[in-house]
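A.B. asks: Just so you know, the sequences run in chain order U and L.
Start counting the first sequence at 4; every next residue gets the next number (this note's numbering).
Start counting the second sequence at 1489; every next residue gets the next number (this note's numbering).
It should be emphasised that the hints constitute simulated quantities derived from the structure, not laboratory data.
Yeah, the Cβ is synthetic: ideal placement off N, Cα and C, and Gly gets one too.
Be careful, since some hints might not be right.
[Stated by the list, open to error] Chain L stretches covered by chain U per the calculated footprint, using a threshold of three residues with CB under 8 Å from any CB of chain U: (1) 1518–1529; (2) 1533–1540; (3) 1562–1569; (4) 1658–1664.
[To be verified] Simulated restraints, written as ranges between beta carbons of each label pair: (5) L:L1673 with U:P82: 33 to 43 Å; (6) U:D90 with L:E1519: 33 to 43 Å; (7) U:T156 with L:T1666: 29 to 39 Å; (8) U:H171 with L:P1612: 32 to 42 Å; (9) L:D1683 with U:D174: 24 to 34 Å; (10) L:A1572 with U:D90: 46 to 56 Å; (11) U:D116 with L:E1637: 42 to 52 Å; (12) U:V214 with L:G1665: 49 to 59 Å; (13) U:G215 with L:E1637: 40 to 50 Å; (14) U:T89 with L:E1553: 22 to 32 Å; (15) U:D77 with L:A1572: 26 to 36 Å; (16) L:Q1630 with U:G215: 50 to 60 Å; (17) U:P131 with L:G1521: 18 to 28 Å; (18) U:D174 with L:S1549: 48 to 58 Å.
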Amino acid sequence: MTPRHHLPDDLLMAHASGVASRGVDVLVAAHLVLCPGCRGRVTELEALGGAVLDDAPPAALDSGLLDGIMGRLDEGEPPLTHPPATDDGRADAVLPSGLVLPRPIRDLVLETDAAWKTVVPGFLHQLPLPVQVGEMPLRLIRLRSGFVVPNHTHRGIEINLVLSGGYHDEDQEFERGDVQVSDEEVTHSLQIDPGEDCVLLAVNEAGLVPVGFMSKVARLITGNI
Amino acid sequence: MTSSFALALSGIVRSMLVPEQQAALMARVAEQGDRAAFSDLLHHFAPRVKGFLLGKGADPSQVDEVVQEVMLTVWSRAARYDAARAGVSTWVFTIARNRWIDRIRKERRPTVEANDSAWVPSAPEAPDEALSTQRDQQKVAQAMAALPEAQRSIIRRAYFMGHSQRVIAEDLGVPIGTVKSRVRLALGHLRTLIDEPDPIGASS
Chain U
4 MTPRHHLPDD
14 LLMAHASGVA
24 SRGVDVLVAA
34 HLVLCPGCRG
44 RVTELEALGG
54 AVLDDAPPAA
64 LDSGLLDGIM
74 GRLDEGEPPL
84 THPPATDDGR
94 ADAVLPSGLV
104 LPRPIRDLVL
114 ETDAAWKTVV
124 PGFLHQLPLP
134 VQVGEMPLRL
144 IRLRSGFVVP
154 NHTHRGIEIN
164 LVLSGGYHDE
174 DQEFERGDVQ
184 VSDEEVTHSL
194 QIDPGEDCVL
204 LAVNEAGLVP
214 VGFMSKVARL
224 ITGNI
Chain L
1489 MTSSFALALS
1499 GIVRSMLVPE
1509 QQAALMARVA
1519 EQGDRAAFSD
1529 LLHHFAPRVK
1539 GFLLGKGADP
1549 SQVDEVVQEV
1559 MLTVWSRAAR
1569 YDAARAGVST
1579 WVFTIARNRW
1589 IDRIRKERRP
1599 TVEANDSAWV
1609 PSAPEAPDEA
1619 LSTQRDQQKV
1629 AQAMAALPEA
1639 QRSIIRRAYF
1649 MGHSQRVIAE
1659 DLGVPIGTVK
1669 SRVRLALGHL
1679 RTLIDEPDPI
1689 GASS
């Protein structure tokens, strides 16, 4: 089943043009694995990149550079410094069992020694994922079915990608593959659907701001996310 | 004139290739290993890839090596280039983008591939919907040229200079909402221009 809530154009474009921060890039890529429609949009945006490249003002080249390239044609493809990881199954040790996760997330889990941390005992746990220093944090969050994330707004952007189970806020329902983008203009509380735990991939630029009465749960969440 | 300026000037005069020309040359490279054809592609793309990387903030002392890696990758992978999936400049753009991420951002680009265990497949395309991607590439180029300058410049800044919307907003002194809506307008406009049916009798 394909998602109903998709990535906005600005995030797709950041991914297509290669300027997204690592956390955002991984989240976008994970959604693309689950969403044929957005893959089509990225293909269009890459074609735009091709047009921009053709249109680019040519930079001056040293006279030897082109001859040097022609002289190196028999060397074969230069290897990447950071090639794709080999999925050796180690990610399964730390991921919730039975959950089929897109490879961009599995690859990132392979790079971390981090363990799941308890935020609200019994209800909310998180696994921080490695990103570049100074960039927006990325984490897997697991929420118990029926749990309510108290009413809050955001400092900066929050992007949630649902990986299993689901949640709804006052307006919309989100299930596997769905993306919700929120910012300072959005105030909501999240109700986790009954039946199964909800696992999200989340980017939070600068954390949550509780609105209204600051319960103990709200204190725990805003202290940690 | 310095030799590099003279080279660049002669390069510019020699090297402007439209999508149809790129496709014909690429076919000769892929099918026959035609080095002269590759040299023509090289003269078009190398200066533009360099400009693209410099615009994104690549260190001038590193950029020549990345340009070499991009063009050697184009040569090495020529047999895998699939004209049904993307225009030549789009393909080269993605190679340049991925090398940028690998060398300059020092990261692996996340893998989006159909062999992913979580992959949700696309619906199979109806045969009459499969457009010629070279014609698409030409249309995208024409659509870009037809955009109002304010919209084209925002698209260029996002791709060519790698500016996030936040940076563009600060540079232009406008709210980020204005940048977002200009991007939305530009992309909507492009989609309309690209979706326009070809005039009757247009060559494919």
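A.B. asks: What are the numbers of the hints the structure violates, in ascending order?
C.D. replies: As far as the earlier hints go, 4, 7, 10, 12, 17 are violated by this structure, in ascending order.
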